[in-house]
Amino acid sequence: MSGDARTPAAPLAPRLRRAFERPRAKRAALIPYLTGGHPDVETSHRLIATLVDAGADVVELGVPFSDPIADGPVVQRSAHEALRAGVTPETVFELAAAHRDRVPFVLLTYVNSLLAYGGARFFARAAEAGVEALVIPDLPLDEAAATVTGAGVEAETAGGLVALASAAGVSLVPMAAPTSTDARLAMVGAAATSFVYCVAVTGVTGPRQEVGEALPGLLERLRRHTAAPLAVGFGISTPRQAAHVAGLADGVIIGSALIDAVARAAGREGACAAAGDLVRRAGAAIAAG
Amino acid sequence: MTVESRFGPYGGRYVPETLIPALDELTSAYGEARDDAAYQAELARLLAEYAGRPTPLYHAARLSERCGATVLLKREDLLHTGAHKINNVLGQALLAKRMGKTRVIAETGAGQHGVAVATACALLDLECAVYMGTEDVRRQELNVVRMRLLGATVVPVESGSCTLKDAMNEALRDWVSNVGHTFYAIGSVAGPAPYPAMVRDLQAVIGAETIAQVRERYGRLPDELVACVGGGSNALGLFHAFRHLPVRMTGVEAAGEGLDGRHGAPLAKGRPGVLHGSFSYLLQDAWGQVMEAHSVSAGLDYPGVGPEHAWLKDSGRAEYAAVTDEEALAAFAALTRLEGIIPALESAHAIAYVLRGPCDAAAAPPSPTVAGRHATDGGRVAFGPDGTRFAADDVVIVNLSGRGDKDVHEAAQLLEGPA
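From first to last, the protein sequence lines are chains P and F. If you read the first sequence in the working numbering, its first letter stands for residue 1, the second for the next number, and so on. If you read the second sequence in the working numbering, its first letter stands for residue 1, the second for the next number, and so on.
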């Protein structure tokens, strides 16, 4: 396993790569984000189908966690509601598995959910459910490559989570932030086996008036280190902002604005209508430029 | 010397990428400051002239008589702002100044760390925001008033259990958003590296003083060190200087309503996981969701624990007991009446441990039937969370980490019932 760090990253996530290469009639792939099982499991199924119908190229599902330190109030609230409703990683795997034929999935999970499930088991189950890539916001690159041991978990993470993930055929998505140094971006580029998740703002998830002014510089610096697709998230809430980011990057992630629209809508039908409307308008804006 | 980032397998930096450069910057700034005589001299001056170090090592004669051992109290409660927290905060605030940061943020549970940070920020003319769970705002109202008087903004946090865990989540989110000009002053030996090592180093003055004091007075080392453990900074502060010496170290966690009910004892009942940037013992459910802790003392009401404690536990260098709310309240009352010292409810947990009295391990062969103790394979006597480890006439040093002014109202209600 230790050889993996030196050999070039294996090509993983074939469907994701295709989604970035050929987004459906758009300049960039549109990636809506939902908290799995929010507001309830049945609505979550309907929402995923709606997003795909509305033009989503990839769907990102969040595994709800009790202490999501990278998330702003909207995603936090959705996670806590989903947890109260009994959502587990298993629920989210089942959501992905049910729709895997229609769209490639990315899962966002905090690292403790994965450790509690067992690293190797989590990756195997994700792969089985059709999840091609994992975003773990509290697992920076250095820790992803480190072996995590301790009472009860050593066997599950020996060799580092990176090695375990690639053994299961799942891509760990490295994250880049406006604060990342060039040395960090070189590490990010070298670790990219599907795409790079670029954080648009120095902050947590949630709507912003403006997409961060640091973004173009970050993308430009990152391009020097990788040919992998660059998807941008955090703070993109309007079709206008989506169109702007599509002019700079390969993928546009819309999370809090979508969850907020779902949360404000009345009933299941209203939630699907609101989500479909936002994603269609964002898709049109991305296509129009 | 590098700044440790792992203790055995524990520790690490499990935080968003956005913060990694800031942690790198902090690690190198702290490493330089630690080796800089001018920084150390300024810190030593403030600790002496402003905070009131050295603190006395007090022979608590009446408590000793009650406990059946010689109990010495390290009087961190006499420090300016009322607890050991100021040791760490002065070090971090000087570092913030040195790094050119203009704003300091902090999380607080009991409010002692928050008050210390607000104090240091007033002294060094830094902007200050303190995150505090709404439940703690309620039960530690006096400290909220103090922080506001000192010019800090107190930000009430209404999420999760509305206590220390949630305050720390929100402080981390603030830091992610304002990392350029903001210094995050973590109050315990928790969080991502370099905080656990840095905070321990800054608290290690407690143990360094204690060694000199006990040698001078008694011409010997103590048999055992005792300190309460929430995140665990006052315990590591006392333990660190003794780590290579033949002295037992005992941490006391909050058993809350009892270890089978709601409590704050991750070392006794949790398992390793990641919270607030480090890998350590954690109260969590089968899915890894962090469980809400409970303790009568706000400072111990935390589901995690510093990673070095996880390693001290696994390696056997330290052992950990747990004390219930009821025992802690009884100890609070006992120390007050026996010695005229009103302890913080946190520190009362350490007092409760010694009040249990000596174990009879030395006198009688270990027996699995003796409450709180059981024999281990190697013949070494381990003890359960509800036992003790000292023998009659041992010299035991308890870190009296804070004073109880902040708890008087809460404790009076709990001891006497609502008026």
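In short, the hints are calculated from the structure, not lab data. In this text the structure is predicted, and so the values were computed from the model without any measurement. By construction, the Cβ of each residue, glycine as well, lies at the ideal position given by its N, Cα and C atoms. Be careful, since some hints might not be right.
[What the hints assert, rightly or not] Quick look at which bits of chain P chain F covers, simulated, 3 or more residues with Cβ under 8 Å: (1) 36–50; (2) 55–67; (3) 176–185; (4) 243–253; (5) 278–288.
[Claimed, not checked] Partial list, derived from the structure: chain F residues whose beta carbon lies under 10 Å from chain P: (6) T2; (7) V3; (8) P16; (9) A22; (10) H80; (11) G160; (12) C162; (13) V176; (14) Q213; (15) R215; (16) L275; (17) L282; (18) L329; (19) I342.
[To be verified] Okay, the calculated bits of chain F under chain P, using three or more residues with CB under 8 Å as the criterion: (20) 43–50; (21) 70–76.
Tested hints:
1. 36–50: Our answer is that it is violated, as 0 residues pass the Cβ test (under 8 Å) against chain F, missing three.
2. 55–67: holds (count 3)
3. 176–185: That given contact holds, which follows from 7 residues of the segment 176–185 of chain P lying within Cβ reach (below 8 Å) of chain F.
4. 243–253: violated (count 0)
5. 278–288: violated (count 0)
6. T2: Hint violated; T2/F Cβ to chain P Cβ min 15 Å, cut 10 Å.
7. V3: With a minimum Cβ separation of about 15 Å from chain P (threshold 10 Å), the hint on V3/F is violated.
8. P16: Holds. Min distance 5 Å.
9. A22: Constraint on A22/F satisfied, holds at 7 Å.
10. H80: violated (32 Å)
11. G160: This hint holds: G160/F lies near chain P, its Cβ roughly 7 Å from the closest one there, short of 10 Å.
12. C162: violated (13 Å)
13. V176: holds (6 Å)
14. Q213: At 36 Å from the nearest chain P Cβ, Q213/F fails the 10 Å test, so the hint is violated.
15. R215: Where the cut-off is 10 Å and the nearest Cβ of chain P is about 36 Å from R215/F, the hint is violated.
16. L275: At about 6 Å, which falls below the 10 Å cut-off, the nearest Cβ of chain P leaves the hint on L275/F intact, so it holds.
17. L282: It holds, given that the least Cβ distance between L282/F and chain P is near 8 Å, below 10 Å.
18. L329: At about 29 Å, which exceeds the 10 Å cut-off, the nearest Cβ of chain P leaves the hint on L329/F violated.
19. I342: violated (34 Å)
20. 43–50: Our answer is that it is violated, as 0 residues pass the Cβ test (under 8 Å) against chain P, missing three.
21. 70–76: violated (count 0)
Violation of the numbered hints given earlier is confined to hints 1, 4, 5, 6, 7, 10, 12, 14, 15, 18, 19, 20, 21; the remaining hints are satisfied by the structure.
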